[in-house]
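**Student:** Below are the chains, spelled out letter by letter.
There are 2 protein chains.
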Amino acid sequence: MPKNHNKKIGFLGPWGTYTQEALVKLLPVSEEDLIPYTTEADVIKAVERGEVAKGMVAIENSIEGSVNATLDVLAFETNLFIEKEIIIPIHHCLMARPGVKLEEITTVISHPQALAQCRSYISKKLPRASLEIASSNADAAKTVSEKSGKFAAIGPSLAAEIYGLDILDAGIADFEDNQTRFVLVGKEPAPRTGHDKTSIVCFIFEDRPGSLLQILQEFAYRYINLTKIQSRPTKKALGDYCFFIDIEGHVDDEIIASALKCLRCKVRDVKVLGSYPMANGVTS
Amino acid sequence: MPKNHNKKIGFLGPWGTYTQEALVKLLPVSEEDLIPYTTEADVIKAVERGEVAKGMVAIENSIEGSVNATLDVLAFETNLFIEKEIIIPIHHCLMARPGVKLEEITTVISHPQALAQCRSYISKKLPRASLEIASSNADAAKTVSEKSGKFAAIGPSLAAEIYGLDILDAGIADFEDNQTRFVLVGKEPAPRTGHDKTSIVCFIFEDRPGSLLQILQEFAYRYINLTKIQSRPTKKALGDYCFFIDIEGHVDDEIIASALKCLRCKVRDVKVLGSYPMANGVTS
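Protein sequence lines, in the order shown, are assigned to chains A and B. So for the first sequence, this note's numbering puts the first residue at 1; every next one is plus one. So for the second sequence, this note's numbering puts the first residue at 1; every next one is plus one.
Bear in mind the hints are in silico, worked out from the structure with no lab data behind them. Be careful, since some hints might not be right.
Each pair may be met inside one copy or between any two copies, as identical chains are not told apart.
Straight-line distance between alpha carbons at most 20 Å, and here's what the computed SDA-like set of lysine to any residue pairs gives [unchecked claim]:
no. : residue 1 : residue 2
1   : Lys266    : Tyr221
2   : Lys266    : Ala220
3   : Lys235    : Ile255
4   : Lys266    : Leu213
5   : Lys235    : Asp177
6   : Lys7      : Glu188
7   : Lys125    : Val100
8   : Lys235    : Phe205
9   : Lys8      : Lys25
10  : Lys236    : Val282
11  : Lys236    : Ser284
12  : Lys235    : Phe175
13  : Lys124    : Lys150
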């Protein structure tokens with residue numbers, strides 16, 4: 001029997017990540033119930049093992065697109081449910097140990113998504129800096145706080161505060177309106193609220209180019225709104241895709257259930273990642 | 001007037017990248033006509049400035065999906081044409097300076113796509129190593145050859161040879177059949193060959209969830225095969241996407257021209273990234 005830590009929630013750590021910020025906004029949690037993990041996959045697998053009751057991970061960013069690591073674990077490696085979602089604004093800061101100046105920086109450390117979101121800024125302001133991947137933005141800040149060289153991290157101001165860094169520049173993402181969608185993952189399907197969204201992955205038969213059209217027609221025919229579609233390789237060969245699709249409605253709604261039933265007759269497999277209450281815009 | 005370097009071809013350098021390997025397989029080029037650039041965006045912009053006649057960049061991998069940096073520059077920042085494509089198998093090796101052992105490695109350096117393609121290998125075999133981003137796999141090998149610490153690069157065996165590194169492990173990607181599609185970009189549309197593919201980007205109106213269905217219907221109605229579809233954020237807000245679509249046929253084919261004409265009446269914009277001869281499978 002797995003240990004019963006019913007109240008514990010895993011999140012992409014260490015302390016001070018955007019994920020923690022999103023989690024605290026989404027749920028009334030006390031810090032002692034939170035357990036930081038190193039990667040998105042670690043968070044999700046800790047839920048599956050029963051180490052934590054639920055886990056919080058980023059799934060999509062408005063600049064850089066889907067968080068592939070999260071999508072791939074949910075689609076290929078676990079059978080969990082998305083239970084809630086929240087969208088928060090992302091304000092990236094460049095931070096370094098007190099005394100280090102912008103022009104001295106030799107290495108910028110951050111999560112790959114944050115480095116990609118600030119691609120133009122880095123190539124303009126720090127063209128010679130080397131880029132190092134951290135498992136999270138807060139982990140980048142922590143690493144910078146422990147190193148004596150001319151390092152900088154990209155992350156939230158909260159991380160600068162926690163790890164004693166100075167903020168050298170703020171609002172450094174390449175596009176305005178930088179937002180990230182986070183999801184809370186658990187073992188129980190969320191009940192219908194009447195204002196829900198359902199995330200599915202459709203695995204199509206190879207060499208049937210009309211499959212995506214057939215999928216979309218099932219929804220269009222029933223006036224079901226799509227809020228997201230994202231193709232991902234199935235890791236087998238170029239051109240072999242699966243589709244991550246978000247639709248409005250709950251699997252317990254008759255119309256959604258009927259659409260999924262018909263879909264299952266037409267494609268190789270449909271995996272439901274969860275039905276959950278739809279976020280009402282951005283929570284700042 | 002830009003300088004006339006008609007024969008010169010830019011590629012993602014330095015010497016020894018998979019991009020160079022793909023380029024040499026695609027065209028009868030001599031080394032003196034090749035100019036290495038640091039990033040995919042640099043290659044494409046050098047073509048636009050007329051510094052080189054054509055440029056070679058990776059566009060899609062069978063494990064990690066689209067190369068976002070390439071898609072974004074082609075869609076949002078230039079008006080060039082894809083003229084040719086080639087798919088080659090990717091065999092990732094872990095390489096280090098002679099004498100460095102696998103278990104001693106503290107840092108793994110590579111292109112973000114290669115790091116993502118070897119995610120499981122790294123977390124199993126080198127769980128404590130830090131990950132550093134290089135602008136290419138060959139650049140990673142070059143950097144490792146110049147550093148005295150316990151560094152390793154992920155890249156092609158050719159790069160190990162060029163930069164005097166030892167191969168510690170081979171075939172380290174997380175899935176078999178790792179393939180990458182590369183495209184040659186230039187200023188002239190390629191002529192019709194009868195065995196062509198067309199790449200387009202569709203920008204849809206916001207808040208019209210049926211747009212993608214309408215796009216696909218235009219092609220299905222005419223029995224035009226789709227070989228790829230990929231959504232990308234337009235960088236404005238979450239849920240605002242454009243679609244990268246590859247279809248079989250040439251813009252000079254009457255049926256394709258007619259489909260694009262009808263599409264343009266329905267969506268905000270359709271940008272043709274090029275019609276070019278379709279690759280016949282993988283070139284090994």
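**Student:** Run every hint past the structure and note whether it holds.
**Tutor:** Going through the hints against the structure:
Both within a single protomer and between protomers do Lys266 and Tyr221 lie at most 20 Å apart by alpha-carbon distance, with minima of 15 Å and 19 Å respectively. Taking CA atoms no more than 20 Å apart as the test, Lys266 paired with Ala220 passes in both settings, with 15 Å inside one copy and 16 Å between copies. In this assembly of identical chains, Lys235 and Ile255 lie within 20 Å of each other by CA distance neither inside one copy nor across copies; the values are 32 Å within and 32 Å between. Taking the closest pair of Cα atoms, Lys266 and Leu213 come within 20 Å of each other both inside a single copy (11 Å) and across two copies (17 Å).
When the C-alpha separation of Lys235 and Asp177 is checked against a cutoff of 20 Å, the pair qualifies only between copies, where the shortest distance is 8 Å, while the shortest distance within a copy is 32 Å. Taking the shortest alpha-carbon separations for Lys7 and Glu188, only the intra-copy value of 14 Å comes in at or below 20 Å, while the best inter-copy value is 61 Å. For a Cα distance limit of 20 Å, the shortest separation of Lys125 from Val100 inside one copy, 15 Å, qualifies, whereas the shortest one across copies, 35 Å, does not. Taking CA atoms no more than 20 Å apart as the test, Lys235 paired with Phe205 passes inside one copy only; the shortest distance there is 14 Å, against 32 Å between copies.
For the homomeric pair Lys8 and Lys25, the shortest alpha-carbon distance inside one copy (16 Å) is at most 20 Å, but the shortest distance between copies (54 Å) is not. For the identical chains of this complex, Lys236 and Val282 are inter-copy neighbours only, at 13 Å across copies versus 36 Å inside a copy, given an alpha-carbon limit of 20 Å. With identical chains, the CA atoms of Lys236 and Ser284 are at most 20 Å apart between copies only, with a shortest distance of 17 Å across copies and 40 Å within one. Proximity of Lys235 to Phe175 under the C-alpha cut-off of 20 Å is restricted to the inter-copy arrangement: shortest distance 6 Å between copies versus 31 Å within a copy.
For the homomeric pair Lys124 and Lys150, the shortest alpha-carbon distance inside one copy (18 Å) is at most 20 Å, but the shortest distance between copies (30 Å) is not.
Checked against the numbered hints above, the structure violates only hint 3.
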